[in-house]
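Residue numbers (numbering that gives the first Met the number 0), protein chains in the order written: chain V, 0 to 378; chain U, 0 to 339.
Read the hints as simulated data drawn from the structure, not as lab findings.
Each computed DSS-like pair below joins lysine-lysine, with the alpha-carbon atoms no more than 30 Å apart:
#, chain 1, residue 1, chain 2, residue 2
1, U, K176, V, K310
2, V, K82, U, K202
3, V, K64, U, K202
4, V, K41, U, K176
5, V, K64, U, K176
6, U, K176, V, K269
7, V, K320, V, K287
8, V, K287, U, K176
Just some of the chain U residues that point at chain V, by a computed CB distance under 8 Å:
#, residue
9, G28
10, D56
11, F178
12, V188
13, I189
Among the chain V residues that face chain U by a calculated CB cut under 8 Å, a handful are:
#, residue
14, T142
15, N145
16, T146
17, K148
18, H169
19, L173
Since we're looking at a predicted model, the values are computed, not measured.
Just so you know, even glycine gets a beta-carbon here, dropped at the ideal spot from N, CA and C.
One-letter residues, chain by chain:
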Amino acid sequence: MKKIILILFSIVYMMSSCNVASKGKSDKHDINDTLNLVTYAKNFKILPIERGYRLTIKDGFGSDKEYYLFNDTVSIPNQFTDKQIIKTPVSSAVAFSSTQWSVFQKLGEINRVKGLLESNYSNNEEILRLVAEGKITDVGMSTNVNTEKLIYLQPDLILYTPYPGIDFSHLGELSGATMLSFPDYLESHPLGRAEWMKVVGLLCGKEDVTNKWFNDVVRRYETLSEKCSSVEDKPTIFSDLPFENQWYVPGGNSYIARIFADAGGDYIWKDNESTGSLHIDAESVLLKAQQADFWRVINSYDTPFTYERLKNENELYPLFKAFEKKQLLVCDVRECGYFEKSQYEPDVLLADFIYHFHPELLTDEWENYTPTYFKQLVK
Amino acid sequence: MSRNKINIIILISIIFLGIILFILNLFIGSVTIPFSDLFNVFFSEESNPTVRTIVMDYRLPQAVTAMFAGAALSISGLLMQTLFRNPLADPSMLGISSGAGLGVAITILLTGILGGSALSTMGIWSNLGVSLAAFVGATFVLMLILGFSSRLRNMTTLIIIGLMISYLAGSLTDIMKFFSMKEDIHAFVIWGMGSFSAVGTSKLMFFSISVIIGLFASLFLSKNLNVILLGDLYAENLGINVKRNNLFIILISGYLTAIVTAYCGPIAFLGLAIPHLARFTFKTSDHRILTPAVMLIGMTVSLLCNLVARMPGFEGNLPINAVTAFIGAPVVIWVILRKR
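Extracted from the complex, chain U is given alone in its bound form (with noise of 0.2 Å):
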């Protein structure tokens, strides 16, 4: 059989898992739910409206948004992987996530001292709360990012100046912490956890068809993503504008992780796993088969992560920043050496 062929056998397979593990998550989770009742959801119009409740308003947005957001980081992580031609670089290299933990944290601490007085004049600031704080945050790590790569033409450089960046955010963060009333620091540790029900019903439809617009935009980017692989010096021969192509990349890149950030918090492991998990299930560089198996592969991931994160017997919902890596390193480590 021909590469091509089992390539697409593959992709078919985790279609086809992620389905399956899509359908867990809406009848798997704290509350053990009879399957009859979870049929009549869907099948029936007499169903238990609690059941309904569970089901469509709580279970299958963080369903969706566990897609999306698993997506949208393994992309965001293989584009930074394949730019900086570092097998380590992730999405938080270039200090968004810090951005928005910045971002979050500033307004946590605007709230803490606007408190009593002028915050109930100004209801606005806490009604759009903690992810449009984060957005606003990643929004301008990714603009200082997007200025300093204008300007700079190797992209090594880069990835210190994010690091500095990343570290510069944390430690403002760790300052603003600790010069916060304890009480006021409560919200930042929730962020902090990461969380795919944070989203809910309401900003679902928001969220992923802001998702979706990254993603869309990385499927084109696959040439360009190609074309880096050889080098900048080919690339430029080959006509291609190097520096626009990179500004884009990292604006995607930026754009995906910025948005997840500010809805889900930090989610660690999944940027940096999913390409390699990737590329050696399809045994292949070439992004226009790897930019579809990496969302894929994120996707079905991410709904793993959720489904233990909730599964029964686990008082309360795991954090899923604890979830990712326990279960993504064995399987990557586990890949790594049966392909090897």
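Excised from the complex, chain V in its bound form (with noise of 0.2 Å):
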């Protein structure tokens, strides 16, 4: 019994001690090569090869994953035959996420999907209608992916987002397919996040195109960035409504997190660690959060909300004082198409809660912006 005893012990013990174990997770990165085209993405690095490139994945599951990218008009040289090679640009490709198929779409390249997940989760015109005329096929969802449809797809290239403990490589195996692991929502820096459209640029051939556009997305947000670093009120904002009860808010180190930061704000929980999302009790949400001047909120369903009907919802949201004095920050995902397109505009989500914090710094360029994603909810 004693044994049992400490062995329970020590599971919870490991259990207690993850929080601060994952938090030196996304420092790490060994990349060093002068010759790597990246700058702000810790998990992929692209290196010009002899008649191509070397896209190298880190994706914390397993080992690198290192990839040959040639045009298909040049030949391979001799000492790359036995690597993995990707010809470019990739004629029918599989992407398990719309961040993927997104820049495909945005580069005018959509034809060279051929399968998704998910879709009746997007609100996209393009997306849907290819759907429905039979030219993009649904493939089921992220947690159930259905096979047999994938098999039939025969795609040269399915892009995926792993995650801990699920192995896909049996989808490569069964359908021919090159496997690659796209893990852009570990980058916790927003430019970094942004950086991940040079993938799929590579991809398509175009990888003029997306490094121009990265470039001015740079430029753009870090004149945003820079003018706010000098502001001295900051007004404090804390993020998310509770699912189910259980409140998840975004840790300090996120990437809503530093452009909450960015934008000259004062993050309530800034200075916990997590990359991820951290559990916390309704309680401590109250405690911490009651005095924040502004509360973004992410709105999932297709009906807008309103005050009165979060109200309805949960007793709870009065009592903040953002809530009272209607100073919440909505952004309607479905209608903007947030999660498709606002990792690739990080300088117009910064704007958007610059806008909301000092609209005076919105200058130049960005005179008479009016917000894209966040919205202030009026009534």
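Need the complex rebuilt from these two chains, each delivered in its own frame; the hints are there to steer you.
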């Protein structure tokens, strides 16, 4: 019996140490190659090689993955023939995440995408039309991929989002496709996440286009955050509604926390060191967030929020100052395509929050800007 | 006609039904394939390679997995029900499935902790993956239960201990999920839904042989199981070591549950319902008939569930757990009402 108790205790101890341990997760990166064409993202690098590129992806699950990309027209140098080769532009790809197909679409190359997941969660008209016409096949949900349909599509490439404990390699073996890991969500820097557009750019043979787009994003983002860096008066903000009475809030080193900070805001969990979502009980949320000036809220439903409706949903909401003062910043994700597009427009996201925090700082090319994603809920 | 003859006819019909369902499992799925293409896969050298992959590398291993998993869980349920003399006993009762769940939760969490840095250097962890974790968790609980059962005489007490371990493992799993980041529990959700497709061609041989060993062993238990129905005292008078007998039954039942849960996730209902279905169909409690009957009915019902889960029209595959009870419960009620 003593042994059992000992084992159980060690399990509990392991769990309690998990939050501390997870902080180092994305700090690690060993990108020191001077030729690397990637600047902000920590989980992939692109190196020019003879007649092509080497793409290295670090997803933390298993060893780093290396892909050698060559344009269809060039002959592949001998020393690379035994490597994992991707011929570009790819002619048929399956994209598991909307952050993947949205770049194909933005590049005007959506015809290269033959399959995707969860099309019913998107409001993207072109995608829904292509699915309805049968030009793109919906191959199920990320938790339940329809393997048969995937095999039947015979894609050259499957772009997947890796998660701990999930092995997708059998999909590659069965369909004959190259499996390309796309852990964009592990990037905690907004520009790092946006930089993943370069991977799709390479796959479409349009790396020049995505490089230019990305450089523009960087320029605009840095100009804006530079302006906000010296503000003294920083409004406080907290984030997210509870889901089934559980409050998950972004960690202090997360992507959105970084945007709050760069927009001259004061995120109330900024001192937390996690890059993922934190589970916090309602009392602590109330204690810490009650006096916050703003409340960022994501609405995944089709019907827009109103203060009245939210009040009926949870009687705690009116206790928050941000709610009382009607300072909810709401994004209707389906309407604005938040999950597909916003990660490639961190400058726009940043401008959204600056608009609410320090509107006077939106000058020059941002003059007369109105928010794209996060709008103040007025009634 | 004597009862024996009737039973033989029923047995043959079930085998026949099972074969038909097995073939349908190969022929029907979410991708509709013309019959001529299917025919070519089996009878012609020039078959469409894509169709061949779907049928031979995806549907076939899935059907075989469904068959063995169904048989294993049903036998495990029968052993539990007889051992505990309780019609509501099922394979999950001793906490073995919850132990498997705990194993999965620990691994996924470890993967989360070690994420970015250490894991890439110890790639073996991520490759061994979820099934191994589940198996280790299930075996750990099985060992605990065996330890307890060697000390306890009363099997009812063991049920209570089993349930407590089950709650304990469940609550530890929940606590871990609570402390995990949202992204990290994705794999747990998938595993928890249950699926016959996770075994795949590469692991199929290992899975099948492991299950067959357990099923084979259970065939030799029939006499010992019959004796249990008579009561412990009677059994001892017959010269049977009750304690060792019980231990062996728990071992086989737990082993079968552990194997199936590791590869397919926690699959509910089959283990509870199939033994009843067999008892009512064959009108007997003689395990020399019941054991093979439960195996065959388990295989057949499981193939039926797998077929329904992948019917064209359902976008994606329905989780197998959603289907087992939906198909099975009305069948059991119908059989009971008709036979009464």
